[in-house]
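Enquirer: So you can see what is in the structure, the chains are spelled out below.
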Amino acid sequence: DGGITQSPKYLFRKEGQNVTLSCEQNLNHDAMYWYRQDPGQGLRLIYYSQIVNDFQKGDIAEGYSVSREKKESFPLTVTSAQKNPTAFYLCASSKGGPGGGNIQYFGAGTRLSVL
Amino acid sequence: AQSVSQHNHHVILSEAASLELGCNYSYGGTVNLFWYVQYPGQHLQLLLKYFSGDPLVKGIKGFEAEFIKSKFSFNLRKPSVQWSDTAEYFCAVNANDMRFGAGTRLTVKP
Numbered sequence: 337d338g339g340i341t342q343s344p345k346y347l348f349r350k351e352g353q354n355v356t357l358s359c360e361q362n363l364n365h366d367a368m369y370w371y372r373q374d375p376g377q378g379l380r381l382i383y384y385s386q387i388v389n390d391f392q393k394g395d396i397a398e399g400y401s402v403s404r405e406k407k408e409s410f411p412l413t414v415t416s417a418q419k420n421p422t423a424f425y426l427c428a429s430s431k432g433g434p435g436g437g438n439i440q441y442f443g444a445g446t447r448l449s450v451l
Numbered sequence: 012a013q014s015v016s017q018h019n020h021h022v023i024l025s026e027a028a029s030l031e032l033g034c035n036y037s038y039g040g041t042v043n044l045f046w047y048v049q050y051p052g053q054h055l056q057l058l059l060k061y062f063s064g065d066p067l068v069k070g071i072k073g074f075e076a077e078f079i080k081s082k083f084s085f086n087l088r089k090p091s092v093q094w095s096d097t098a099e100y101f102c103a104v105n106a107n108d109m110r111f112g113a114g115t116r117l118t119v120k121p
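Chains D and A, in that order, are what the protein sequence lines are. Note that our numbering has the first sequence beginning at 337, numbered continuously upward. Note that our numbering has the second sequence beginning at 12, numbered continuously upward.
Isolated chain D, as found in the complex (with noise of 0.2 Å):
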């Protein structure tokens, strides 16, 4: 069943603390990305990768980091430096690059609150 994955649904973080979101595709897609999604603001990208080892920031990275060491795998950490980090997370992917009017495909997302 082919598809994208996040984990956890529901995620709580203390203040100072770092936590990180899982994201993992099979769909053999190339690109992933990570928007956060806040009511009455759509979705806004943090980051984005095309390839294995190679991210990109998006609108609104600062306070996030991420790696891609694999290509079925895009893990998002919030860091202690993002001050409003309660969100609706969401992982997508495609088979390009974030242009040229690839299809973005999204996993269930991630519900992150601060205790």
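In case anyone wonders, no lab produced these hints; they're calculated from the structure. It is possible that some hints are incorrect.
To be verified - From chain D, some residues computed to sit far from chain A (all C-beta separations above 10 Å):
#1 GLU351
#2 SER401
#3 THR413
Said to hold, decoys possible - Computed list of lysine-lysine pairs in DSS-like fashion (alpha-carbon distance at most 25 Å, straight line):
#4 LYS431/D x LYS69/A
#5 LYS431/D x LYS89/A
#6 LYS407/D x LYS345/D
#7 LYS60/A x LYS80/A
#8 LYS72/A x LYS120/A
To be verified - Partial pick of chain A residues on the chain D-facing surface, computed with a CB cut under 7 Å:
#9 PHE62
#10 GLY112
#11 GLY114
Glycine included, each C-beta is placed from N, C-alpha and C at the ideal position.
With chain D's structure known, arrange chain A on it following the hints.
Expert: Chain A only, in chain D's frame:
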């Protein structure tokens, strides 16, 4: 970079009413256009897309959208909504990257 504007934040309709959700974008070049839907508790999924050709495109579940280049618009329509259409709808524009609108929440009352 391109930007996307969805005019309606929350739309409430009764079943069988007609639906039109507005989407306008700002970008002078060639774009690809998408509507995504997020049903409660489910993945964001593709509803329909426009790349080229016939500006009237049909998607899943009876939805359609019309690309009007002169108005930079890509409005979503459905002649008769159902309670199961209750969801959040996102317009997206793809040129060099993908930009999403703020979303429109649709509530259909039975």
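Enquirer: Does each hint fit the structure? Answer for all of them.
Expert: To see whether the hints hold, each was checked on the structure:
1. At roughly 29 Å from the closest C-beta of chain A, the C-beta of GLU351/D stays outside 10 Å, upholding its exclusion from the interface.
2. At roughly 20 Å, the least C-beta separation between SER401/D and chain A is larger than 10 Å, which holds for a residue marked as non-interface.
3. Even its closest Cβ contact with chain A, about 22 Å, leaves THR413/D beyond 10 Å, as expected for a residue assigned away from the interface.
4. Taken as a hint, the LYS431/D and LYS69/A pair is honoured in the structure, with Cα atoms around 23 Å apart against an allowance of 25 Å.
5. Straight-line distance between C-alpha atoms of LYS431/D and LYS89/A comes to about 30 Å, which puts the hinted pair past the 25 Å bound.
6. Restraint check for LYS407/D and LYS345/D: satisfied, since their Cα atoms lie roughly 22 Å apart, inside the 25 Å limit.
7. Annotation: proposed proximity of LYS60/A to LYS80/A holds, straight-line Cα distance about 15 Å (limit 25 Å).
8. About 18 Å separates the Cα atoms of LYS72/A and LYS120/A, which keeps this hinted pair within 25 Å; it holds.
9. Contact between PHE62/A and chain D, as hinted, is supported at the beta carbon level, the nearest pair being about 5 Å apart and thus within 7 Å.
10. Given the 7 Å rule on beta carbons, the hint for GLY112/A holds: about 5 Å separates it from the nearest Cβ of chain D.
11. Evaluation of the GLY114/A hint against chain D yields a held restraint, the C-beta minimum of about 5 Å falling below 7 Å.
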